[in-house]
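Student: Next come the chains, spelled out residue by residue.
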Amino acid sequence: MNAMMAQPSTQRMMIGSVLLLIVFLAAWQWLPGLFGIPAFIIPPASTVWDEFLHMLANDRLVYHTVITALQVLAGFVLGVILGMVVGFVLGMSQAAEFMLSPYILALQIAPKVAFAPLFVIWFGYTVYPKILVAVLIVFFPVMINVLGAVRAIDPDIVRLARSFTASRFQVFWKVEFPAAMPPFFAGLRIAATLAVIGVVVGELVGGNTGLGYLLTFGEGAGNTAMVFVAIILLTLIGIVLYAVIVAIENRVLHYLPARARKIT
Amino acid sequence: MSAIRLEFRAVTKRFPAQRRGDAPVTAVQNVSFTVADGEVVSIIGPSGCGKSTLLNMGSGLDPATSGEVFVDGERVTRPNEHVAFMLQKDLLLPWRTIRQNVEFGLEIQGRPTADRHRIAEELLVKCRLQDFIHHYPHQLSGGMRQRAALARTLAVDPAVLLMDEPFSALDAQTKMVLQQDLGRTLADTGKTALFITHDLAEAIALSDRVLVMSQRPGTIIEEIKVDIPDRDNPMERRKSPKVGPYVSALMELLHIDQAAA
Ligand SMILES: Nc1ncnc2c1ncn2[C@@H]1O[C@H](COP(=O)(O)OP(=O)(O)OP(=O)(O)O)[C@@H](O)[C@H]1O
Ligand SMILES: [Mg+2]
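Quick note, the sequences are listed as chains A and B, same order.
The first sequence begins at 26 in the working numbering and counts up by one.
The second sequence begins at -8 in the working numbering and counts up by one.
I should point out that these hints are in silico values taken from the structure, not numbers from a laboratory.
Do not take every clue at face value.
Below, in silico cross-link-like pairs of lysine-lysine (DSBU-like), each with a Cα-Cα straight-line distance of 30 Å or less [stated by the list, open to error]:
no.	chain 1	residue 1	chain 2	residue 2
1	B	LYS230	B	LYS117
2	B	LYS166	B	LYS233
3	A	LYS199	B	LYS230
4	B	LYS166	B	LYS216
5	A	LYS199	B	LYS216
6	B	LYS216	B	LYS230
Just need the whole structure built from these sequences, with the hints factored in.
Tutor: Put into C-alpha cells, the structure is as follows:
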C-alpha cells in the first residue's frame, strides 16, 4: 500500500507474490488428497485445468464466456448511465428527491436478485432478464454516490460560479459534474463486482447460455470441476472490469493526492 | 470628485422567519453609501450585523428587500461582469490547476483560450505564483491559495471587488504579506474595492475610508476617513503613529472595551 516503502523492494515483492501463487496452486493440487477430501468435493488444480481444456473443445466455453461478459458490460454501462443521470437530477432538484425518494428507498431495500424470475417471466430465456438484473443492481451504488456528491458541494462554490454569470448548465458542467467524479468512481468500483452477480443470478434462473448456465449444468451433472471453471472465469470477468475502471479512474482523478486516491 | 463606482441607496434586507411564529430577521436597515472610482472602503461591525449580507446584495446573488444597489450607474439585479467577490475560503476547484482556477471566471464569460492563458499567467506572475501555474490547489499553502483566489478575482477585470474577510483564515505573518500584495495590486490597477474585515488594523492599513456598522439590524453609524499616506503600501502605513488613534476610535465606536468588561 505505502508507495514510499514499496519503492526499494518492488522486485522482491514481485518474486514474493509469484512464490505465493506457486504455493497456493501446489496446496490446491495436493492438500485435498492428503486430507482425504474426494475429487468431487474439491477437484485438484490439474483436474480443473483439464476440465477447462475439455470445455473449450466440447462445451463452447468461449461462447458462453463472451455471452456472460457482454451481458455484464451491457448491464454495467446501462446501470451506470441510469444511476448517474438519476443521481444528478435528484441532487439538483429538491422536489424530485422529495417525491421519488420513498420509491427509491423501497427499491434499494428490495433484494434486487429476487427480481430475476420476474424478468424471466417477462422476457423469456433471452439476454434481457440478465442485463436487467445487472442494471438494477448497478444502479444504486452509482446513484447514491452521485447524489451524495452533488449534495456535498460547498454552496459558496456554486455562488462563486454564479457571480461570474454562470448559466445553470455551466454550473453543472464546470462545478457539479467534476465535483461528483471521485464518489462516482468509488460507486463504479462497487458496481463492477455487482454487475457480475446480477448477470449470474439471471443466468442461474433461466436460459441455456452463459457461465451461469454452465454452473447449473455442472451442478446437475455432478461435475465439480466444471463449476470451478465457471466460478474462476466469472471472477476473471469481474477482475477485468474492475481493472479497467481503476485505470480510467487513475487518469480522470489524477489531480487527487496519491493517498486519497488509494483509499477511496 | 471622481465617478461613483458602487452605490447602496437606502438598502434594507429582511430574511423570512425560519420558523412559523418568529418575526422576520432584519439583517441590514436603510444602508446608504457610495464608493468612488479607485477607492478602497472597509466595513467593520459586530458579528451578525449584516456585512456579508451587504456584499451578497452587491454581487447580485441576493436581492435587496428594499432599496437599490448600483454598479457603474447600472442597477444590480443579478450577477454581472462588473463585480467579482472573494471570500475567506479560497474556493479553488481541486480538479483544476492553479492557472485553470484563475481562468475559471474568464471561461464562464466565454473568453478565447489564448486571452485566458495570457491574463492568467500575467496575474500569476503578479501574485508571485509563476512557479505553481500547473500545480493543483492541494499542493499550495494557505497563503498561496488565497493569492490564487485573488488572481482569479482580478482575472475578470471587475469594476468593483467585493471581499469578505479574505485574509481572516491566515496566520498573522502571511496575512501581512497578502495585505501588502493586495494594497499594491489595488493601487497598481486602480481598482475599486469594498472590503469587509474584523481586523481594525487591517481596515486602517488598506482603506481610504472605514464604515462602521451597528448591531443588527445593521446600519452605518460612522464613516471615518483614513488620513494616512501610503495606501499602496500597507506595511509602511502600519508603522505610522496615526494608526493607534484610529484603532482607538474604532474600538470606541464598536464598544469593544464594554464587551470585554
Ligand atoms: N440566508 C439567511 N436566512 C436567514 N437569515 C440570515 C441569512 N443570512 C444571514 N442571515 C442573518 O442575517 C444577519 C446578518 O448576517 P451576515 O452574515 O450578513 O452577518 P456578518 O456581519 O457578515 O457577520 P460575521 O461578521 O459573523 O460574518 C445574521 O443575523 C444572520 O443570522
Ligand atoms: Mg460575514
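Student: Just pull the numbers of the violated hints for me, sorted ascending.
Tutor: As far as the earlier hints go, 3, 5 are violated by this structure, in ascending order.
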